[in-house]
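Novice: Listed below, chain by chain, are the residues.
Protein chains: 2
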Amino acid sequence: MPEFLELLPPIDALNRLLDALNFQPQAEEIGTQDALGRVLLQPAVARYPLPSFPRTTVDGFAVRAADTHGASESLPAYLVLSGEVPMGATPEFSISRGECALIHTGGMLPDGTDAVVMVEHTQSARQEEIEILRAVAVGENVIKIGEDVAAGQEVIPAGTPLRPSEIGGLMALGITRLSVSRQPKIGIISSGDEVIPPDSQLHPGQVRDVNAYTLSALVQAAGGIPLRYGIIPDKAEAMFAAASRALQECDLVIITAGSSASTRDLTSRVVNQLGSPGVLVHGVNVRPGKPTILAVCDGKPVIGLPGNPVSALVIASLFVVPVVEALQGLTRFQPKASIKAQLNLNLSSQAGREDWVPVHLLPGDQTARVPFQADPIFGKSNLIFTLVRADGLIRIPPAATGLSNGEIVDVYLF
Amino acid sequence: MPEFLELLPPIDALNRLLDALNFQPQAEEIGTQDALGRVLLQPAVARYPLPSFPRTTVDGFAVRAADTHGASESLPAYLVLSGEVPMGATPEFSISRGECALIHTGGMLPDGTDAVVMVEHTQSARQEEIEILRAVAVGENVIKIGEDVAAGQEVIPAGTPLRPSEIGGLMALGITRLSVSRQPKIGIISSGDEVIPPDSQLHPGQVRDVNAYTLSALVQAAGGIPLRYGIIPDKAEAMFAAASRALQECDLVIITAGSSASTRDLTSRVVNQLGSPGVLVHGVNVRPGKPTILAVCDGKPVIGLPGNPVSALVIASLFVVPVVEALQGLTRFQPKASIKAQLNLNLSSQAGREDWVPVHLLPGDQTARVPFQADPIFGKSNLIFTLVRADGLIRIPPAATGLSNGEIVDVYLF
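Chains as they are written, first to last, in our numbering: chain C, 1 to 414; chain D, 1 to 414.
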């Protein structure tokens, strides 16, 4: 099989694809309140400082710090209470030497004050007089103007995916509309003479389409808009017609090949006809998923996945998800979280090949260093429910010839 | 402050709330293709076996295993090629002793065959004759009827959140409609005389509403539908009116209190008037977020969060997210993934209290055991951009009095 002469490791194969593409996400303006998970295209810049006035972080008394110098429980300072700071407004008084004002968390410091004494460190003395039991330094319990964010500061760089915290930060600055990248359209083509839509009556020899739906859900979770182009028979003309239309309408086209060698070859021939330069990678040194095809056709990425649903989903998480992210302009570093677990048997692997093994998490035993056991799920490679039974995947790196019983592994949930 | 006499650890506080509620998620029928992230309410049961016919997992020749007994490269077995199995249909022939049929991955075994020899282990001999170079056992390279899923088998239990793999598995079984839990409605009330909507012109002493939007995004990510009830002044009648309406219309009500002690007391008084039993927990032994209120009013959960945006978001991830999940009937065990990182300084903490510290991830140095450093983000507790600058949170458990420089910690991304 000539396509497998050169088998790249997955990361090299992915980089070959990404390097051949020139990602230019298109902008879309949306409300910040609707921006969860979207990717910022222009850096967010603060027009005003945050906070915009000196604010207390505690309940207590706004003072001139110098007036509290040396104050202690045994030798309090006595200050005249000159007013109460209203919430949400400028105090209509100022504080002179020897005076203080009642202030609530979030309130604005009156003119003349430079610190706040917490209410717990004060006592009411005579009427209109407050005993200060602890000295404060200038700026203590106060957030200065611009201490959170300075005016003109870039607060969120372009390429950042927006979490709840970014949405809140933008709202704090009054940034209620944003330029984010348009969600990329991802065309999904299923193929196979034996494949029928899930709602059809099954006849002997037929199977229902699984890949179009697992891939749609994965694309959706990664921020793309899945568009399904139906199930195409294993014929070059039909597949070329569907793929051409998808390539025109979408930002990325995914073709799940039939699972036999002949239909995989069909996919690569069709992809090469779609546009230049065509197939960049045919065959990746990974299990499952060796027959993966990575291509660029007239500036757009095209990915051919194995037909086996387990392989298709594992490989899509390695190749489709990063491309969908790059199409959105995602540049911020994205570490991948995992669960540490203790492998409960030996796993062998071929040196030079990267393996992804589905595992189920079990509670670890009392004496273990980590709370979970990783229990590999075996079975013939195209049992569809393998991934339903699995909590995540573990990776056997190319340099290893396997993993040992008892070893601590990273389980990547999916 | 009487509310803080008893400070429960967060997990005990959460359990007190969950135990006082009787979660009965309401069902909604939706298409399986739209079910990503939704929670299954009825177990999914296979009506038919999967696969529904004996299928080959390889390209090759369907044989009677007995006919290959003893076959090897030096002593091949010779079988007569009697036909080719069509994809997606029942072979219209059967195979007798001494015969074989060409078959493609996913094809249906013809009557009379019980194994498949991979094409790599065969050679074309004379016309219509195949040399078998390796013996196969009965069932080799074949998935039997029901080997993936048996008819009548429960394939996905109730309470499971649906991932791409579950959606694919359901499609494979022809289950295209599902009973999932209705997305819970989460009422969100902001309060504070100093708080204004994000799109309003800011006057001195005022701040824009942050919490309503961070909480909406968090609720959305957890599967709920956020409904915002506006910004309520710090007055009992106004807050009671808004909270009563929200309680009637929603499955959970969240009130972010003003940040001063007096407005926190107001929240707890209003919550106690809303319905019985009222406040169950007032004050949690956690930093940030001590003034948290957990309540049940006439069978529905009500959560009072601190007004400080950092505290509100940290506490919401501890209390709001699990309640939103429970409201959806989520019962399946959900381990939380993290990133291992090396703490780059000493952190102190009060014994008995659980602390959550925002950290930024930095690349680890070459000699470190893990690829990241966790760099704690300090600053006054209500700098809104603390969480924008952070990649995640680390937990200092109640039993510890701190964490040491160089220690390996779990960073929970948010």
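Worth flagging that the hints you see were computed from the coordinates, not collected in a lab. Just to be clear, a hint being listed does not mean it is correct.
Same chains, same label: a pair holds when it works inside one copy or across any pair of copies.
[Said to hold, decoys possible] Pairs of lysine-lysine, DSS-like flavour, derived with a Cα cap of 27 Å:
| id | residue 1 | residue 2 |
| --- | --- | --- |
| 1 | 290 | 144 |
| 2 | 144 | 380 |
| 3 | 235 | 290 |
| 4 | 185 | 290 |
| 5 | 336 | 185 |
| 6 | 185 | 380 |
| 7 | 340 | 235 |
| 8 | 185 | 235 |
| 9 | 144 | 185 |
| 10 | 300 | 185 |
| 11 | 185 | 340 |
| 12 | 300 | 380 |
| 13 | 380 | 290 |
| 14 | 336 | 144 |
| 15 | 235 | 300 |
Novice: Find the hints from earlier in the document that the structure breaks and name them by number, from lowest to highest.
Specialist: As far as the earlier hints go, 6, 7, 9, 11, 12 and 14 are violated by this structure, in ascending order.
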